[in-house]
Every structure is written in structure tokens, then in C-alpha cells.
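J.: Take these sequences, add in the hints, and give me the full structure.
Residue numbering for the sequence shown is -30 to -1, 1 to 428, as defined by mature numbering (1 follows the signal peptide of the UniProt record, and there is no 0).
Hint data in this document are derived by calculation from the structure and do not stem from the laboratory. Where hints are given, some of them may not hold.
Unchecked claim - Think about it this way: if two alpha-carbon atoms lie no more than 30 Å apart in a straight line, the pair counts; the simulated BS3-like pairs of lysine-lysine are:
#1 K23 with K255
#2 K145 with K341
#3 K241 with K218
#4 K341 with K255
#5 K341 with K91
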Amino acid sequence: MASLFRRMLHGTFLTLFVIAAALSPEEVEADVVIIGGGSSGTYAAVRLHDLGKSVIVVEQDDVLGGNTNTYVDPQTNITIDYGVVVFHDILVAQNYFNRLNIPFAIAPMGSYGTTTFANLKEGEVIANFVPSNPTNALAAYGAQVAQYPGLGAGFFLPNPVPEDLVMPFGQFVQKYNLGDAVQIIAGFAQGYGDFLEQMTLNIFMGQGLQVLESMQTGFLIPVHHDNHEIYDNAFQVLGSDKVLLKSKVVSTNRSFADHVEVTVQTPSGLKVINANKLVMAIPPKLDNLVDFDLDGTEQSLFLQFVNTAYYTGLVRNTGLPENTTYQNVDVAAPYSLPDLPGLYGLGATAIPGLLDVKYGSQTAFFDDAVKADIIATIIRLRTNLGIQTDEEPEFVAYNSHTPFRLTVSPDDVKSGFYDKLNALQGHLHTFWTGATFDTPDSALLWNFTETLLPLITA
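T.: Next comes the structure, spelled out in C-alpha cells:
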């Protein structure tokens, strides 16, 4: 009996030990922990790794890449980039591609097939629509942007902030007679919501001198037409033990004098990461940061952000003519810009019958509502074209890039918001990167992140 009791007691202790071991988080150390494995976070990780720093990346999705979405056709293995498409031909991008062994070429941003202009809200093709010649207006626009060289490195504004920068872009266009350039500038500003109501500052940031130069000289394009190759190769550089996929931050503690503590729920259990520095590469919206120990300064700044919404995907079984791209225009609207929320257009792709769709809104919608509106728009167009088919359009790929453009009010800008935001770099051992601190443009975000590296490694 005593022997049986001892065996039972031993079994109980062993069970408790196993449970305790399972519940006890694994502790790991790193020089830098990076939250977010999108464009900025992955770039920061690779560069810090190459600079001899140990890094750990925490990413909630099952792959790195963020808004870089690539579809691989299961039958042909043809790849379609339906998120990030091209990159600026600047040194930081060339160096990054070379580091990751990704061959590239410099070419204009192209499109497949012929372009037809249509009012997609009404489902009507606009015959004989001729876009304005933007040449002179683009030159005048570029001259205005060039007056603010600080914007080439982030939100570094003159003090006091000029009224031109905080006025709605529609007013700015009228003031400087830039109407002929609106269509083409807006085409590079998809996802910005109500384009003409956006502050001129935000348009300058996203569609600045580098965009104008790339329009003339060409963009950097991966030869394999597979932009996700960047992140696949980066994953190999960093190693699977340094990239925590499908993982979520549970808590942070930045109160220590010499390090930060980040607790992460991973598929294999809790991990506590002790690191010298923290790099935040996710949108700083408060609902993204509920598990972070934000202080009053951070909360008061991030509370001021509002955001636009952007959605992208690929649709088949549309019944529409192959090799035809439909650009959405509304001739009754100022500068013929499309009415939002809605599609910017339907783009032909390298796969016949597969259309690239881009959808924008000033505010966010549920994904099911966005998909339903896109499908209804396609059916409306083909019905008005007299195309008879029972095929139901079907998504083969879809991603929400929401929140997209984070903005604040003109009064906030004039009150020094961006000076205060930039002052967060290094605060509580934390550094911030990503589109909120510059622009939603991969190559320019890599350039911005590069400027932080000396501070992070100090």
C-alpha cells in the first residue's frame, strides 16, 4: 500500500512538473526585438543581422511581407503581384535586392492589354474619354514639392508649417493650376481615400520627387515577377528560430533602465524576449497596441490618428473581355476621379481571365462587404456590356491593407504633431518605423529605416 501511495504521489508530482514546464514561458535574449514582419520590419531585421546584431521578429501572419501579396497560379506557376508591384530605383533598394540575391531590371510601370475608361459605379464604358496631358502640370507640381526637401526623409516640416501644406489638395491644385496632373498623381495615391480632401502634405509625402523621377526613368522590378521572393529570401537569412510567425505580443515592459521585456504567444507557447531595443513596425493605432505599455505621450499622439482603407485582390470568372483593363473615371466629378468607396479599376494580368482589383475608401469596411461590392460592380459592368453568362465572379486572392494611410488634422500638424511624433525615436528604448512615419512605399520605407539604424545600434 505504501509503495502504491509513493507511486501515485510521484505520478502527481511528475504531472504537476510537466504542467508547470508547459506553462512556464521560454526566456530568450536578443539585441533587438522587432514587432511586425512587413516591409519595414523585415528590412530592419536583415540590416541589423548584417550589422552583427541578434534580432527576433514577431509577426502575426504565417509569412513575412505585410502588404506584399503574390499569387501563384496552381496550373501554370505564373506569379501575380497584387499588393506591392514595383520599387523605386534607388541605392538602398538595389543594395537590398543584391543582398537577397534577387535579380532586377529597370522598366516603366506597365499594364496588360488595352485600357478602357468606364464609370464602374454605373457600369458604363466612357467612349472617347481622353485624359489630360499632364506634362506641364507635373513639372509645376514637382517645383512645389521641391520647396520642402525635409519631406524626402520623413515628416520633417518647416516651422511654422506653411498653409500650402495643410490645405486640402483640391484647393492646392486650384491655387497652382495643377488640374492636368491630378489623374496621374491620384493613380499613384490609391488607398488615400478622398484624394482632393487629403492634406497637401500627405500627397507630397506619398507622391514626391522620387515618384516623379521614377515615372520618367523607370521602376526597379524583380526579374522573376515575384515580389514575395524578397521575404522568402529574408526568412532564410534570418532563420526560422529568429522569426516568430503566427505570434502575438501579450505584454511589454519598457520600464527597465537597460532593456525591454516582450512576452509573446507563439504556436509553441509563451516566450519572454529580453532585448536591448524594441523596433515597432506596425501601424500605431491604439487598437493595434492594447497589449503594449504605452505611456501618456504615446497614447496622446496615437489617439489623434485616423486612417483610410485599401483592399486588393484577384478575381476570376468575370465574363469580361480578356486583356482589357478598365480604369474607373467619373466625368461628372472634379478631374474625373472615381467615386469612393469603390474600385479604382479592374486590371488585366498575365493570366488570361484573371483580373486585379483595387478598392479604396475613406473609412474601413468589413471584408465581406468589400468583396460583395466588387462582385456587384463586375456583374453590373458586364450586364451593361451585353455579356450574357451565368458565371459567378470568384476571388482567388484577397487582402485588406487597412489601416492604410494614417493621418491627423491640419490643426494637429500646425501644433507640432510631427515634431512630437519624431521625438519618440529612442523613447523607452523604442524605435518606430513604417508608413506612418514616412509613406506607404517599400523602397522609401527601407530608406527611412536605414536612417534609424545608427540610433538603434548605438
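J.: Hinted pair, alpha-carbon criterion (30 Å max): K145, K341. Please report holds or violated.
T.: violated (38 Å)
J.: So if I understand the rule, the pair passes when the alpha-carbon distance is 30 Å or less; does K23 with K255 pass?
T.: Holds, at about 28 Å.
J.: Mind checking the alpha carbons of K341 and K91 for me, to see if they're no more than 30 Å apart?
T.: holds (15 Å)
J.: Regarding the pair K241 and K218, is the alpha-carbon distance no greater than 30 Å?
T.: Within the cut-off at roughly 10 Å; holds.
J.: Need the status of pair K341, K255: alpha-carbon distance at most 30 Å?
T.: Roughly 25 Å between the alpha carbons, so the hint for K341 and K255 holds.
Hint 2 alone, counting from the list given before, is not met by this structure.
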